[in-house]
Amino acid sequence: GAGVSQSPRYKVAKRGQDVALRCDPISGHVSLFWYQQALGQGPEFLTYFQNEAQLDKSGLPSDRFFAERPEGSVSTLKIQRTQQEDSAVYLCASSTGTGGSYEQYFGPGTRLTVT
Amino acid sequence: KNQVEQSPQSLIILEGKNCTLQCNYTVSPFSNLRWYKQDTGRGPVSLTIMTFSENTKSNGRYTATLDADTKQSSLHITASQLSDSASYICVVSAANAGKSTFGDGTTLTVKP
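Those protein sequence lines, which keep their order, are chains G and S.
To convert, take the position in the first sequence, counting from 1, and add 497; that gives my numbering.
To convert, take the position in the second sequence, counting from 1, and add 498; that gives my numbering.
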């Protein structure tokens with residue numbers, strides 16, 4: 498069985514460009530999470546979905562960040578007008594349910610570098 | 499504010515030695531605590547999960563302990579191997595919350 502996949506694995510963007518990061522969760526997983534991980538730090542929560550519904554987006558750092566999961570499967574995290582402080586690894590995770598008792602399965606991440 | 503603090507920030511040990519990593523948290527109301535292992539360039543992978551009523555959980559050479567009264571957890575690694583070199587992240591979940599609080603991790607380096 499395939500795990501969580503993310504693409505691209507690496508992305509270099511010039512400041513001001515828009516980027517789109519894709520996450521393919523494990524088939525059948527209802528919950529999907531996005532995290533931002535700066536170098537040497539733990540993942541910081543951005544947002545999560547239960548099926549197609551975005552239940553919590555409190556971690557999105559600004560209105561330049563937007564996430565969607567229109568059919569309750571694949572999710573896209575979009576960052577508009579990228580800034581240097583957006584450089585980080587963006588992790589996606591999926592789980593069979595919502596809540597901390599459900600194990601989250603992580604993808605390998607997308608490393609975004611804004612120059 | 500829910501917080502998870504880990505120590506030490508980094509640790510270097512020789513292959514075959516044991517080590518213990520610490521995690522203190524202020525997450526409330528407490529639901530469970532997980533330890534994750536994150537290899538360089540990979541996503542975190544769960545090692546153990548403990549709920550309020552559990553005070554120890556083992557997974558091979560990894561043993562996690564939990565003291566819910568003092569809000570502390572530890573991860574003990576026995577007979578370390580080179581492949582144990584990674585970041586170990588403590589994650590605490592609150593009851594009735596969809597999201598969890600992650601620590602910054604302890605970076606472990608095992609040298610031959």
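Source of the hints: derived by calculation from the structure; they are not laboratory data.
In this text, all values refer to a predicted model and were calculated from it rather than measured experimentally.
Any given hint could be a false lead.
No farther apart than 30 angstroms at their CA atoms in a straight line, the calculated lysine-lysine pairs in the DSSO-like style are these [unchecked claim]: (1) LYS575(G) x LYS554(G); (2) LYS554(G) x LYS499(S); (3) LYS554(G) x LYS515(S); (4) LYS508(G) x LYS554(G); (5) LYS569(S) x LYS575(G).
Stretch-level coverage of chain G by chain S, calculated; a stretch enters the list once three of its residues show a Cβ under 8 angstroms from a Cβ in chain S [as the list claims (entries may be wrong)]: (6) 508–522; (7) 541–547.
Every residue gets a Cβ at the ideal spot worked out from N, C-alpha and C, and that includes glycine.
Against which earlier hints does the structure fall short, listed by number upward?
-> Numbers 3, 5 and 6, in rising order.
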